[in-house]
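Add chain Z to chain X, keeping to what the hints say.
Note that the protein sequences, when read in sequence, are chains X and Z. Each step along the first sequence adds one to the number in this note's numbering, with nothing skipped, and position 100 is 374. Each step along the second sequence adds one to the number in this note's numbering, with nothing skipped, and position 78 is 352.
If you're looking for bench data, these hints aren't it; they were derived computationally from the structure. There is no bait here: all hints are sound.
Repeated chains share a single entry, so a pair holds when one copy, or any two copies, can fit it.
Under the rule of at most 27 Å between Cα atoms (straight-line distance), these lysine-lysine pairs were calculated in the DSS-like manner:
| # | residue 1 | residue 2 |
| --- | --- | --- |
| 1 | Lys352 | Lys560 |
| 2 | Lys678 | Lys502 |
| 3 | Lys554 | Lys525 |
| 4 | Lys329 | Lys476 |
| 5 | Lys306 | Lys371 |
| 6 | Lys554 | Lys352 |
| 7 | Lys354 | Lys560 |
| 8 | Lys371 | Lys395 |
| 9 | Lys618 | Lys632 |
| 10 | Lys354 | Lys395 |
| 11 | Lys476 | Lys678 |
| 12 | Lys678 | Lys503 |
Single-letter residue listing:
Number of protein chains: 2
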Amino acid sequence: MSGTLLYAQSGGVTAVINATASAVITEARARKVKVLAARNGILGALREELIDTSKESAAAIRALAHTPGGAFGSCRVKLKSLEADRAKYERLLAVFKAHDVRWFLYNGGNDSADTALKVSKLAAEFDYPLTCIGVPKTVDNDLAVTDCCPGFGSAAKYTAVSVRECALDVAAMAETSTKVFVYEAMGRHAGWLAAAGGLAGKTVDDAPHLILFPERPYDEADFIAQVKKIVARVGYCVVVASEGIRTADGKFVADAGGGKDSFGHTQLGGVASFLAGRVKDQLGMKVHWTLPDYLQRSARHLASKTDLDQALAVGKAAVQYALKGMNATMPVIKRTSDSPYRWKIEPAALEKVANHEKTMPANFIRKDGYGITASARKYLEPLIRGESPPPYGRDGIPNYVALKNVAVKQKLSVWRG
Amino acid sequence: MSGTLLYAQSGGVTAVINATASAVITEARARKVKVLAARNGILGALREELIDTSKESAAAIRALAHTPGGAFGSCRVKLKSLEADRAKYERLLAVFKAHDVRWFLYNGGNDSADTALKVSKLAAEFDYPLTCIGVPKTVDNDLAVTDCCPGFGSAAKYTAVSVRECALDVAAMAETSTKVFVYEAMGRHAGWLAAAGGLAGKTVDDAPHLILFPERPYDEADFIAQVKKIVARVGYCVVVASEGIRTADGKFVADAGGGKDSFGHTQLGGVASFLAGRVKDQLGMKVHWTLPDYLQRSARHLASKTDLDQALAVGKAAVQYALKGMNATMPVIKRTSDSPYRWKIEPAALEKVANHEKTMPANFIRKDGYGITASARKYLEPLIRGESPPPYGRDGIPNYVALKNVAVKQKLSVWRG
Numbered sequence: 275m276s277g278t279l280l281y282a283q284s285g286g287v288t289a290v291i292n293a294t295a296s297a298v299i300t301e302a303r304a305r306k307v308k309v310l311a312a313r314n315g316i317l318g319a320l321r322e323e324l325i326d327t328s329k330e331s332a333a334a335i336r337a338l339a340h341t342p343g344g345a346f347g348s349c350r351v352k353l354k355s356l357e358a359d360r361a362k363y364e365r366l367l368a369v370f371k372a373h374d375v376r377w378f379l380y381n382g383g384n385d386s387a388d389t390a391l392k393v394s395k396l397a398a399e400f401d402y403p404l405t406c407i408g409v410p411k412t413v414d415n416d417l418a419v420t421d422c423c424p425g426f427g428s429a430a431k432y433t434a435v436s437v438r439e440c441a442l443d444v445a446a447m448a449e450t451s452t453k454v455f456v457y458e459a460m461g462r463h464a465g466w467l468a469a470a471g472g473l474a475g476k477t478v479d480d481a482p483h484l485i486l487f488p489e490r491p492y493d494e495a496d497f498i499a500q501v502k503k504i505v506a507r508v509g510y511c512v513v514v515a516s517e518g519i520r521t522a523d524g525k526f527v528a529d530a531g532g533g534k535d536s537f538g539h540t541q542l543g544g545v546a547s548f549l550a551g552r553v554k555d556q557l558g559m560k561v562h563w564t565l566p567d568y569l570q571r572s573a574r575h576l577a578s579k580t581d582l583d584q585a586l587a588v589g590k591a592a593v594q595y596a597l598k599g600m601n602a603t604m605p606v607i608k609r610t611s612d613s614p615y616r617w618k619i620e621p622a623a624l625e626k627v628a629n630h631e632k633t634m635p636a637n638f639i640r641k642d643g644y645g646i647t648a649s650a651r652k653y654l655e656p657l658i659r660g661e662s663p664p665p666y667g668r669d670g671i672p673n674y675v676a677l678k679n680v681a682v683k684q685k686l687s688v689w690r691g
Numbered sequence: 275m276s277g278t279l280l281y282a283q284s285g286g287v288t289a290v291i292n293a294t295a296s297a298v299i300t301e302a303r304a305r306k307v308k309v310l311a312a313r314n315g316i317l318g319a320l321r322e323e324l325i326d327t328s329k330e331s332a333a334a335i336r337a338l339a340h341t342p343g344g345a346f347g348s349c350r351v352k353l354k355s356l357e358a359d360r361a362k363y364e365r366l367l368a369v370f371k372a373h374d375v376r377w378f379l380y381n382g383g384n385d386s387a388d389t390a391l392k393v394s395k396l397a398a399e400f401d402y403p404l405t406c407i408g409v410p411k412t413v414d415n416d417l418a419v420t421d422c423c424p425g426f427g428s429a430a431k432y433t434a435v436s437v438r439e440c441a442l443d444v445a446a447m448a449e450t451s452t453k454v455f456v457y458e459a460m461g462r463h464a465g466w467l468a469a470a471g472g473l474a475g476k477t478v479d480d481a482p483h484l485i486l487f488p489e490r491p492y493d494e495a496d497f498i499a500q501v502k503k504i505v506a507r508v509g510y511c512v513v514v515a516s517e518g519i520r521t522a523d524g525k526f527v528a529d530a531g532g533g534k535d536s537f538g539h540t541q542l543g544g545v546a547s548f549l550a551g552r553v554k555d556q557l558g559m560k561v562h563w564t565l566p567d568y569l570q571r572s573a574r575h576l577a578s579k580t581d582l583d584q585a586l587a588v589g590k591a592a593v594q595y596a597l598k599g600m601n602a603t604m605p606v607i608k609r610t611s612d613s614p615y616r617w618k619i620e621p622a623a624l625e626k627v628a629n630h631e632k633t634m635p636a637n638f639i640r641k642d643g644y645g646i647t648a649s650a651r652k653y654l655e656p657l658i659r660g661e662s663p664p665p666y667g668r669d670g671i672p673n674y675v676a677l678k679n680v681a682v683k684q685k686l687s688v689w690r691g
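Chain X with its partners taken away, still in its complex shape:
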């Protein structure tokens, strides 16, 4: 087909966003469509820093499907309204025209869906034939319409497996050493990943014994009382805390830790460190904590097969939708059955995705506020099911690919946005 497809990654990367990229390129190649990728997301499109993916071997594109991170670079840049950022949108269109871009695939979250939608509107205004497709991605699982987001399932699996493993460690040591362990999960606004930690156990005495959700106010006295009770009953207590928990007055608990030390140095806190300190002060128990941070969203070695399959499927469908001219849509995941778990890809209007946020259903949180319900398990469990480990090298490390990322010759003047 004549014309170029431009693919860009946006926002925080995941263990499987490159799988989506791999599927996009593979499907486009099969249809003889040229694929350029923007370096560092929308910034590369603005700067005309484009990568010629045809320079990559078929083996490299296959390996992309098992490589975490963002192979072309991503960015945290949100374009404002068409009015406020008109110069930027027009620049994008100029770059698209210069490289005969007829299909734009933007792989990200809410903001990216919004940007893709706005670009499509501007193109229509200028009568430039362009099909814009949003491709879903986020470990936060907060995209509207889609049943789940590629990237979430793998981070969720990482969380559940890690909580299970460290709980076995704590259980073995609790008699004379660590009695309380706090695991900090990503999720500033919604407790999806913290909830996934709940999959590590089945009964009320299994770890995690307490989950702290951003959907419920953090009540310190009650939390400490719960920890005390659980240690008395079980012998130890494993806590999964969402980074986004807040006190009843709306203040982030993470901000309560941190601040400055006596030398005026910045103290970078975090929820787990703060909670561990409170347990130590109030109960005098030995406590350990973990902040997995980026490890939880880059752990391709522990990816969920379900998640990987969905990341590949949205990439393939995105190309198909693009070539069919299904402008301003996003391929989303529709769950057709819980048991057995079945899903399919279908198109959704970007209008319905952009700038909406999916919150966690209230009935996913146990009445006491410290655990997940059967409904949550029914939803979450299929998403972490299955394994698809990367191939490992003789050096004991996964064979992750580094692309050549050959730049396309620039045609426009330098952008000074």
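Positioned in the frame of chain X, the structure of chain Z alone reads:
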């Protein structure tokens, strides 16, 4: 054979200490020897809290080989000298006699080797026929005589793979987000695990760009200058810091973070959090950090095959040595060839292991103090080679086994030590 074999776990558990336990029980069963396990390590032996492993199915004992944590419980209890703790040693001997324990296998580090040695001396003094065997285990890799310690290879693999993965994440985001990432590795006294992080990259521009070893004094001005230089050259900087780094005056850097906040709450710091704060203050760059803590020593899902094989081998050899009456010995790993990597198990005198500490060779650290040498790679790489993932369930989580841990009827009066 007549008589009982008593097995106990000691100190911090690992991803593969249960593999050693599995091999001990399997080998003993093959030789018709009854195996009891002490609940929570030496404490269980003192309290006469013994577990009858014959109540566990063959399938459970096989599953033990892929289950992290310490299946019978471990403890952090160090017995003092025979003089100072004579009552405890005599109690141990009384428990051993009551249960016809003729072979005592103590699975731990330096301290455990020392305890096993002392128990053997007391038994000799009392003419009680007992064979004491130390079985090596520690993620710290600081045991003398043995080439490496079961448990270390898996933690090392976790470190190398995790650093590789999060570095791909940071590389993708650095243009507009996190530019510096700090990974905190275990190792209070020696930089073995921090060094293993070095396996994540091959060239000077690969992550990790800087490794901070406890063997070298932490020089803040130089560290910050290095970070600045690397970000300018590479675009981002990944740091692996050992928890045990100290300033030139011998103070632990980890203790510089932490303290009390303005509310008088304990601030639990850590090295990574502290270093991240310094980078933020001095360079104004966005920084993230991770503290994997117990995740790094319980990640059986990412165990090294070499490490697993060695954990099984020392368990099997320990039973063989015990039944041959090779008192006061430890099965250790002898490396017979680097390339191809070959190793065998041989006996070492507990005298040579107890209370010695193996430090990291000086030639493992690069001259500038911030990386590993070819010698370090030659030593470390085989230890993280190979994968042996656990079986996963339909729930997406490894099928880790929980033993029944049936208690043996007590024969002595309650111990009030």
